[in-house]
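Chemist: Hey, can you work out the whole structure from these sequences and the hints?
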Amino acid sequence: MKKVLYLIFFIIVAGSCKEKVPSPVQKEVISLDGNRAGRPYSPAIRVDNTLYISGQIAIDPATGEFVEGGIEEQTRQVLVNISALLDKAGYSLSDVVKCNVLMADIEYYSPMNSVYSEFFTVDPPARKAFAVKDLPMGALVEIDAIAIK
Amino acid sequence: MKKIIKTGKAPAAVGPYSQAVEANGTLYIAGQIPVDPSTGKIVDGGIIEQTQQVMKNIAAILEEAGYSFENVVKSTCLLTDMANFADMNGVYGSYYPENQPARAAFAVKGLPLGAMIEIETIAVK
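From first to last, the protein sequence lines are chains G and Y. Residue numbering for the first sequence follows this note's numbering, beginning at 1 and increasing consecutively. Residue numbering for the second sequence follows this note's numbering, beginning at 1 and increasing consecutively.
Some hints here could point you the wrong way.
[Claimed, not checked] To spell it out: a stretch of chain G is covered by chain Y in this simulated footprint if at least three of its residues, at any positions, have a beta carbon under 8 Å from a beta carbon of chain Y; those stretches are: (1) 31-45; (2) 53-60; (3) 130-142.
Note that these hints are calculated values from the structure, not bench results. Here the structure is a predicted model, which means the values were calculated and not measured. Beta carbons are placed, not taken as given, at the ideal position from N, Cα and C, and that holds for glycine.
Modeler: Below is the structure:
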């Protein structure tokens, strides 16, 4: 009988502990395409006022293919993709506070910058930029971003 | 304002950084490499085993801070070879079945202790 009482007491304590676990924050997934099988990430996540945009590469969402051309064209497509996600979430480029710019070759720094500055014309976000060993699908540039409003 | 998170269930830092820092409901977890906290060494095996250990380390730090995988909003996955991308995705995706965090993934020239993978994490609650 004592054991049963202990067991009941334990169940009650365990149950009340469980209720103390805070409920997860409300994450909103922002996506422009429906079929994301095999891609275990969201294009963007909004939580409170902050929007986290996944690293974008130069895939044209209309065709699902890489854009033709070199670093200028790829940078432009990446920033068009970021703009579209911002727009979908109700943000704009002026809300971006931080970018990470990953390049397949540091030689791309200057041409990337010239296209990048077409998009961020005033008060550009904080940023870090560097060359990596390799990017997904052989991309020349990948940019991720954080926006707050 | 900032709170340092420390747990023996995840590997000790291998340099002058904290395992994680929490500030204003946001948890910044240091890049985790596949070190088994019980041995202090990189786990045996390939990218699958290494990714599993990294995710275990992230889980331990999230738990210590009172967060869970559902709180994670952003990951950065650093690989040493893009050839490991698909295998990494398989393990990584099993920890994030829905409302997956935003992410950036790429290959770097080298990682600490010769790891094949490092994952940095931001969680919010």
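Chemist: The structure should be examined with respect to each hint, and the outcome stated for every one.
Modeler: Hints, verified against the model:
1. 31-45: Satisfied; 8 residues make the cut.
2. 53-60: holds (count 3)
3. 130-142: Answer holds; 6 residues pass the 8 Å Cβ test.
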